[in-house]
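Take the given structure of chain A and dock chain B to it, following the hints.
Protein chains: 2
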Amino acid sequence: MAMSSALLTDHYELTMLQAALDSGAAHHRAVFEVFARHLPLGRRYGVVAGTGRVLDALADFRFGEAELAFLRERRVVNDRTLDFLASYRFSGDVYGYREGECYFPGSPIMVVDGTFAEAVLLETLILSILNHDSAVASAASRMTHAAGDRPIIEMGSRRTHERAAVASARAAYLAGFSSTSNLMAGSVYGVPTAGTSAHAFTLLHGSEYDAFQAQIDSLGHDTTLLVDTYDVAKAVRTAVELAGPGLGAVRIDSGDLAVVAREVRKLLDGLGATKTRIVVTSDLDEYAIAALAAAPVDGYGVGTSVVTGSGAPTASMVYKLVAREDGEGVLRPVAKKSVGKPSRGGRKDAFRVVEDGVAAAELVTTAPGAPAPEGARPLLHTLVRGGEIVGREPLDAARERHRASVAELPVLAHQLSQGDPVIPTLFS
Amino acid sequence: MAMSSALLTDHYELTMLQAALDSGAAHHRAVFEVFARHLPLGRRYGVVAGTGRVLDALADFRFGEAELAFLRERRVVNDRTLDFLASYRFSGDVYGYREGECYFPGSPIMVVDGTFAEAVLLETLILSILNHDSAVASAASRMTHAAGDRPIIEMGSRRTHERAAVASARAAYLAGFSSTSNLMAGSVYGVPTAGTSAHAFTLLHGSEYDAFQAQIDSLGHDTTLLVDTYDVAKAVRTAVELAGPGLGAVRIDSGDLAVVAREVRKLLDGLGATKTRIVVTSDLDEYAIAALAAAPVDGYGVGTSVVTGSGAPTASMVYKLVAREDGEGVLRPVAKKSVGKPSRGGRKDAFRVVEDGVAAAELVTTAPGAPAPEGARPLLHTLVRGGEIVGREPLDAARERHRASVAELPVLAHQLSQGDPVIPTLFS
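Those sequence lines, one after another, are chains A and B.
Going by the working numbering, 389 is the number at position 352 of the first sequence; the sequence numbering is gapless.
Going by the working numbering, 189 is the number at position 152 of the second sequence; the sequence numbering is gapless.
Next comes chain A alone, as it looks inside the complex (with noise of 0.2 Å):
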C-alpha cells in the first residue's frame, strides 16, 4: 500500500546517475556522509530525528511502472539508466545515530556506504527526512526542559504541511512531549492523540453554559474546557458550576497567560475545584515556556514554535562523497575545496567521550571499526546491512534515548540564550 518514494529525488540525482552509467564509475563504491556543519541560530546540541522514517522511506524506495513511465516520457534519462532503475534496490550498508541521540557540528550522523549508482539517488530523501524530523525534535527538546515536569501537548499540525504534521508530532514525542493532537501521528506511529476545545464550540452554541453543559454531558467531567471566548472568571465559574469541582482542566489562549493564570488557579480555588489543572496554550515557544515556570500551569499546547523549528526550520545537514574507490580497487578518501564549505574526506567513526557521567566531547575519527576509546560510546550503529533494514527500533526507545542523551550533556547545554556547541567536537 505504501507509495513509493523513489520520486522524492532531484533531478540531478538522476543525471549524474546516467552521466555515470556512460563513464563506467556509477558501480565504484563510494561512501557519503550526512553532517551538520554547524547547528542552527547559536543552539547548544541537536538533535537526531528521522533515521527510522529513513528506514521506512529506503524501504519503499522502488521504481516502479509509474514512475519509470514518467522519467521515459519526460525524457530524463536515456534507457540504460531507466533499466538500472527498474531493478534498483539498495544493497550497501548504512551506519546512523540512533533516533534522539543528540548531536553536533560534523557529527557523522550518517554514513550510506554501497556502490555510487545506489548511494547518490538517496540524497534528497535522506536530507529531506534527517533535517525536516531533526529541525522540530532539536527545539522540542529545549521546550521540554523548560516545562520541566508538566506535559506538553503538540498542536502544531495547521502551522506546517499536512505530511510534515504527522513527521513533527513524531519528532516532537520523540523529543519528549507527551502528546499530539494529530491523529495520524497516532495511528502511524502510536503517539498519544490528546485535544481540548476550540472557540468554534462555543460560539455554536446558544451561550457559554449550553457549550460547557454539552461538552460536559458527552465528554465526562475529566475534559478540558476552553475558558477564554468571553470573560475568562465567568467562564470558570460557570465551569465549575456545571462540572463540579472535579472538572478535569481549563484552557487558556490569550491574554498575559501568567498573570490569567493566577488568577484562574485563585478562582478554581476558591471554587473548591483545587485538583483542576490549567492548560495554557497561544503562541508558545521555550522562551515563554520557560517564563511561565512560575506561574500555576499544568500544561502547555505548542503548536508554530515546534513545527516550524523555532526559528530554525531546517538543521542544514548535508550529504557528502567522503570516500570513493579508484580505478585499482582502493578505497580513498575525497573533499571538496569550495570555498567557505570544505568538507573532510574519508569514512568516519564517532564516539560520545563522557567523563564522570557528563558528555565532554564528541569524538570523530576516520578509523572506522577501531574499538571505543575508553569512556567513550560508540554513536554509529548498523542500521542497514548489505540492503537488509536491520536498525528499526520502537519510537518509545528513541524517546529514552533522548532523555538519557540530554541528562548527560553538561547543565549549559540548556541555557536558552545562544551560545557555542555545550561540547566542541575532536576531529583525530
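Do not rely on the hints blindly, as some may be mistaken.
It does not matter which identical chain is meant; a pair holds if it fits inside one copy or across any two.
[Claimed, not checked] Here are the simulated DSSO-like cross-link-like pairs (lysine-lysine), alpha carbons at most 30 Å apart as the crow flies:
| # | residue 1 | residue 2 |
| --- | --- | --- |
| 1 | Lys312 | Lys378 |
| 2 | Lys378 | Lys271 |
| 3 | Lys303 | Lys271 |
| 4 | Lys271 | Lys312 |
Derived by calculation from the structure, the hints in this document are not laboratory data.
Just chain B now, kept in the frame of chain A:
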C-alpha cells in the same frame, strides 16, 4: 490509490463533533472563514497557494475501515460519532480566493459553508495546506520579482519534509519560479524539472577533467558543469576545452558570487563561450538575488530560503466560525472576544478595488452576493457547490493569475524592506 486524508485532523475536532452530535447542534448550518490577522514579518503582500491541493485533499477525506478502527480502538470518539464519520461526505459549499491571487490581512481567503459537523472536521487539513503553500508562494513571489527576467530553479527539497518538498515546488512554480529539482512535483503537478550536477560527481572521478568529459559525453554540450569543486578558473578552462564554446552553462555554488560570476564571465567570453550561461546557487534568498542584479548571472538556484518561507515558514492563517444557525434556523454572525485575538463575525465577501489599473484597497463586506462595487474585482469564487468540487483549474492558470495580480499592485509592493501591507483592508 490516494491515501485517505481524514486523519490529517486534530483530535479535538472529533471530540467537538461528538459533543455537538450529542447536543443536537452538529447539524446546524455553520460558516467558517480562513483569514490571516497579519502578514508575516513586515511583508507588503501575501500570495494564496494550496487551494487546488485543498480540493484534492477534500476528495480524499473519507473515513475508511482503517481510520475508523484506529478511532474505535483508541476510544477517541463514541459509536454514534463513528457512524457519522463512516458516511462522512462534505455536502456544503466552499468559496475562496483563486490560487496565485494576492491577499492582505483580513482577506477571507476561504469560506466553508456547511453544517457544523461537516465543516469543523476540515479545519486542520485546510489550514495545513493553505498555511504551508501560501508561506512558500509568498516568499517565492518576492524572489521572482528580485530575479527579474532571470529564471529561478527551486532546489530546496532536501531542506524540508519530503512531501512538503513536492508542495513547495508547486507553490514556487505558481509564484513564478521556472522549474524545480523535485521529480515528484514534475510527475504529480507537471512542474518542469531541471538539475545540474553535484560535487560528488566530480569527486567520484579521477579528475575534474574526467568528470566533465563523462558528463558531456552522456548529457551533451548543453549540460551545466559545476565548476567550484577545486579551482574555479581552472575548471572553467577545462569545461570549455572539453565542451567547446557551445557549453550550456556553468554553476557556481560558493564564494562571493558577484565577484566570482564576473571573473567567470570574463573568462568564458575570453574563451569564446559568450553564450554559456552562469547559474549561481548557495543559500540565496530574495535579498541575495536582488544584490546580484548587476552581476553577470543568467539564472539562480534557490533552496532553503524558499521552502522555509524566507523567515516565515507558516502564513499564520486561522479558521474561525463567523456565523451559525440559531434555534430558529436564522444564520447569525458570531465572534469571540479573546484578548488580542478578536474575530469579525458574519459571512464575508471580498473585492480588490483597482483604480487606473493599480490596486487601491482590499474591500471586505458582510453582504455576500451583492454586486461588485464599480472598479472592483470579486475575489471569492465557488470552489465546491453542494459537495461537488467545481473549482479545479490547471496550475498554469494560477501561475498566470499570480503574474497579473502582482503586476497590479502599487510598485511599493516590491520593496524588500519591512513595511506595512501595500494596500489597506477596508471592512464595510
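Hints, verified against the model:
1. Lys312 x Lys378: between (56 Å within a copy, 29 Å between copies)
2. Lys378 x Lys271: Classified as between: cross-chain Cα gap 19 Å, same-chain 60 Å, threshold 30 Å.
3. Lys303 x Lys271: For Lys303 and Lys271, the Cα distance is within 30 Å only inside one copy (13 Å; across copies 74 Å).
4. Lys271 x Lys312: Within. Shortest intra-copy distance 19 Å satisfies the 30 Å Cα cut-off; inter-copy 74 Å does not.
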